[in-house]
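> The residues making up each chain are set out below.
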Amino acid sequence: MTLAMPKPDDRVLENRDSFLGALAAIVPADNLIADPVGLKTYECDALSAYRALPLAVVLPETVGEVSEVLKLCLEHGVKVVPRGSGTGLSGGALPLVDGILLGLGKFNRILEIDYPNRCVTVQPGVTNLAVSQAVSAAGFYYAPDPSSQIACSIGGNVAENSGGVHCLKYGVTTNNLLGLEVVLMNGDAVRVGGKHMDPDGYDLLGVLTGSEGLLGVITEVTVRILPKPDSVGALLLGFADLASAGDCVARIIADGVIPAGLEMMDRSAVRATEDYSKAGYPLDVEALLICELDGPEAEVAELSERVEAIARACRATTVRRARSEDERQRFWLGRKSAFPAVGKISPDYYCIDGTIPRGRLSEVLTRLDALSEKHGLGVVNVFHAGDGNLHPLIMYDAARDGDLEKAEALAADILTLCVEVGGVLSGEHGIGVEKRDLMGTMFTAADLKQQQRVKCAFDPDGLLNPGKVFPVLHRCAELGHMHVHKGDLPFPDLPRF
Amino acid sequence: MTAQTVRPGDAAAVREFLAWAAAGKAPVEIVGAGTKRAFGHAVEAGYRLDLSGLSGVVDHEPAELVLTARAATPIAEIEALLRQSGQRLAFEPPDLGPLLGEAAGRATLGGILACNLSGPRRVRAGAARDHALGVEVATGRGELIKSGGRVVKNVSGYDLTKLMCGSWGTLGVLTRVSVKVLPAAEKTRTVLVAGLSPGEACDAMGAALASPHEATAAAHVPEAAAARSSVAYVGGAGASATAVRVEGPPVSVAARTEALRGLLSAHGAVEELHGHNSGRFWREIRDVAGPIGDADAVWRLHIPPASGGAVLDGLAEHGVEGYLDWGGGLVWCGAPATRAVSAAVRAQADAHGGHATLVRAPGALKEAVPVFHPQPAGRAALGRRIGDGFDPAGILNPGRMARGA
Ligand SMILES: Cc1cc2nc3c(=O)[nH]c(=O)nc-3n(C[C@H](O)[C@H](O)[C@H](O)COP(=O)(O)OP(=O)(O)OC[C@H]3O[C@@H](n4cnc5c(N)ncnc54)[C@H](O)[C@@H]3O)c2cc1C
Chain D
1 MTLAMPKPDD RVLENRDSFL GALAAIVPAD NLIADPVGLK TYECDALSAY
51 RALPLAVVLP ETVGEVSEVL KLCLEHGVKV VPRGSGTGLS GGALPLVDGI
101 LLGLGKFNRI LEIDYPNRCV TVQPGVTNLA VSQAVSAAGF YYAPDPSSQI
151 ACSIGGNVAE NSGGVHCLKY GVTTNNLLGL EVVLMNGDAV RVGGKHMDPD
201 GYDLLGVLTG SEGLLGVITE VTVRILPKPD SVGALLLGFA DLASAGDCVA
251 RIIADGVIPA GLEMMDRSAV RATEDYSKAG YPLDVEALLI CELDGPEAEV
301 AELSERVEAI ARACRATTVR RARSEDERQR FWLGRKSAFP AVGKISPDYY
351 CIDGTIPRGR LSEVLTRLDA LSEKHGLGVV NVFHAGDGNL HPLIMYDAAR
401 DGDLEKAEAL AADILTLCVE VGGVLSGEHG IGVEKRDLMG TMFTAADLKQ
451 QQRVKCAFDP DGLLNPGKVF PVLHRCAELG HMHVHKGDLP FPDLPRF
Chain E
1 MTAQTVRPGD AAAVREFLAW AAAGKAPVEI VGAGTKRAFG HAVEAGYRLD
51 LSGLSGVVDH EPAELVLTAR AATPIAEIEA LLRQSGQRLA FEPPDLGPLL
101 GEAAGRATLG GILACNLSGP RRVRAGAARD HALGVEVATG RGELIKSGGR
151 VVKNVSGYDL TKLMCGSWGT LGVLTRVSVK VLPAAEKTRT VLVAGLSPGE
201 ACDAMGAALA SPHEATAAAH VPEAAAARSS VAYVGGAGAS ATAVRVEGPP
251 VSVAARTEAL RGLLSAHGAV EELHGHNSGR FWREIRDVAG PIGDADAVWR
301 LHIPPASGGA VLDGLAEHGV EGYLDWGGGL VWCGAPATRA VSAAVRAQAD
351 AHGGHATLVR APGALKEAVP VFHPQPAGRA ALGRRIGDGF DPAGILNPGR
401 MARGA
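Chains as they are written, first to last, in my numbering: chain D, 1 to 497; chain E, 1 to 405.
Only chain D is shown next, with the shape it has when bound in the complex (with noise of 0.2 Å):
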């Protein structure tokens, strides 16, 4: 691992086991785990390059024990990991030697379905996909829609403020929210918003939303739904080059159409998801556009004739409308299963997730086949075109030595062309300790400090999931202070403004 975290503190090492036992007396024996087998279970999440064994892994399943646990570890300076099913991209779940993994996995019941009111509250440890088949038989669903929904769990879609392929028309997790309970460090539980739109005060569903395990523990979830659809169309459309693709997704949101989804794969995915999965999809293409479009019958039948007529003025050499609800699954076959097949193809891969302005699509993907020769590593495209987020899986082998380092660099640069070109280094799967060091390039120091000062004001100990997010830990104390003295300021006369 080529990956600083914060050092260890050895007091806490030291007492491991008095620390054991005061927590044994708050969460029942089955719900602590602390043997190294039972442990290496949840030594990573799905960033599985980096692995780090916790001091013991607690699961509670009540608000009042997620208190006591987060009080008796604040008495003890022990940190905390907060761990939904661990299908994070960016290690935000990764444990720290020094600290206890609080898993919400028991956290799992559906607590409400309010029809009325078109919301849901749940626990955090329910599953994205749960929700929306909570609510399926009533004509409902839950709009964000990461392609890990089988597996992950709402607090994790909240933490990490997760998208997917639906969230160009129906907006990200954050877009969908009503309401947050969330327990702080010091055991506060804290309730944000409720079934109403707009919670009162400071925007704390905004900031919690996307703080990636670091400002608290979230243990309830209130989510809107949305009534299905009519209707679902798709086209499948294949371009000789990325550039007629680049600028067909670029004239069909000028032409105020918003697609559900506008999805693209380039060269080499549509090779691979074809092998693995036999969708039928062309193979003399450079790149393919899914574009699905959702409504009332007869806007998805108008909408669909605008977008073929722009592919094709876009030299789009392949245009297929789905003409059933069977072809429509089948258009979309391949994209879903990018990630086996390119896992099919490659011992390992890695999973970029940066975010670019949707007009530097194909100069993008040309600099990017240039970074990839550079690096001696295949990549793969598969991304979220009609929000301009990619993700570029590298293959690499991490039994081959120095395979990693590469993947690494090369992620690095694929993301810092990301920001060079006007975009983000997360679109959806966060910064964790991937992006971490590479903060800088997004933002100044006093951009930083300033995140930080809100990290102090929900955790003042910073004991929340350290390492994670920020390149340097500052101590809340320090940055506090206000380094400005009024006698050196350059201005005492005011009125030159």
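Honestly, I wouldn't trust all of these hints.
Claimed, not checked - The calculated EDC-like cross-link candidates involving lysine to aspartate or glutamate, where the alpha carbons are at most 16 Å apart (straight line), are:
1) D:Lys-228 <-> D:Glu-302
2) D:Lys-106 <-> D:Glu-61
3) E:Lys-146 <-> D:Asp-447
4) D:Lys-278 <-> D:Asp-326
5) D:Lys-374 <-> D:Asp-403
6) E:Lys-187 <-> D:Glu-302
7) D:Lys-449 <-> E:Asp-287
8) D:Lys-169 <-> D:Asp-145
9) D:Lys-449 <-> D:Asp-403
Unchecked claim - Some chain E residues well away from chain D (every beta-carbon gap over 10 Å; in silico):
10) Ala-22
11) Gly-157
12) Ala-337
For the record, the hints were derived by calculation from the structure and aren't laboratory data.
Each residue gets a CB set at the ideal place from its N, CA and C atoms; glycine is no exception.
Please build the complex by placing chain E with the ligand on the supplied structure of chain D, with the hints as guidance.
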């Protein structure tokens, strides 16, 4: 106290001024166009930071669906620019100027975001904060920071952009913002149902919003408020009006209007508003001044949408009358300016798990009643600690919200 006005020409000067003010612990009132000065508690400050020098659209890329503007750019200017490329601010920013005794059409982008104000389309398109992609902010520490960016998907560090929205200038001064823009609707129609009670209206609006027909707004104006409408169909009907709006491509609007008429006819007799009348009706709902009339105190309640009817009925017992937007989730009402009635309004919000804001009131009432809904101790303390991190000297709009009041 007469405040000294400071009018910087750029973000660097705003930063410099705030550093100076912070060093001397000199309170500053932050003013965009000043249209919402009457909303919120009055700020006692020796300096007024007039941001009108920070105006103008910096960049608009229609195909990127993003616009960047300096903070005090008038919404009207932005909307005019967007119209040229068939786009709009989908959260439908309200113009509360006239409600608050100011001229119409002067609200600024920074002001709208700082107060997180959204119009009827909130139910479908989200709030102002959902459309803010990135901000540049001068903090109360005298530092210029940025958060977010110009892209819709972004999980890179804490979302300070959202935190700035709805902070009423108490955390920092927005100097530049990037917002998401969306295609404007090609066509708009409104389906009206006459004569429903608030409770029945909530059922009807709920049915519309739970249908797949993609309503982009749903409001209910009881008879008294309806009578104040300048839209003849509504104002002259002598009955309450429940309205559901449909927007989109013409074929789609036709199909959905038809479907909604069918659905809503189970609740009452249906009518339709087209183009001009529909636009005017929703502007009245959005800007509040029309339907609310000349009540002494004006309140806004955020509640679960299905509670709209019960809240409006409950308020009526105290001589408070108003109307519902957001499918029942937003109540605007006019009330006598007394402490007893104010307590009753807050109690209604509490009973339904929502919150109530005193939007317009005589100074004496605002001295006795907090403008923003009182918070539980834990959350209030958290808010104060966040505030201390941005503005340790407490110089930004002190007293405007609860912090430090
Ligand atoms: C195959 C695959 C496909 C994926 N596709 C997508 C996709 O399409 N879109 C997308 O956005 N993401 C995707 N992801 C990433 C991942 O699934 C999401 O980030 C997801 O939200 C993580 O949820 P989790 O429950 O697994 O969280 P974890 O991995 O357990 O944790 C993630 C972070 O959240 C924190 N956390 C978890 N629960 C809580 C809580 N209750 N309180 C406080 N903090 C908490 C953790 O500390 C950690 O920092 C994919 C991952 C995989 C493996």
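> Can you name, in rising order, the numbers of the hints this structure does not satisfy?
Violated hints: 1, 7, 9, 10, 11; rest satisfied.
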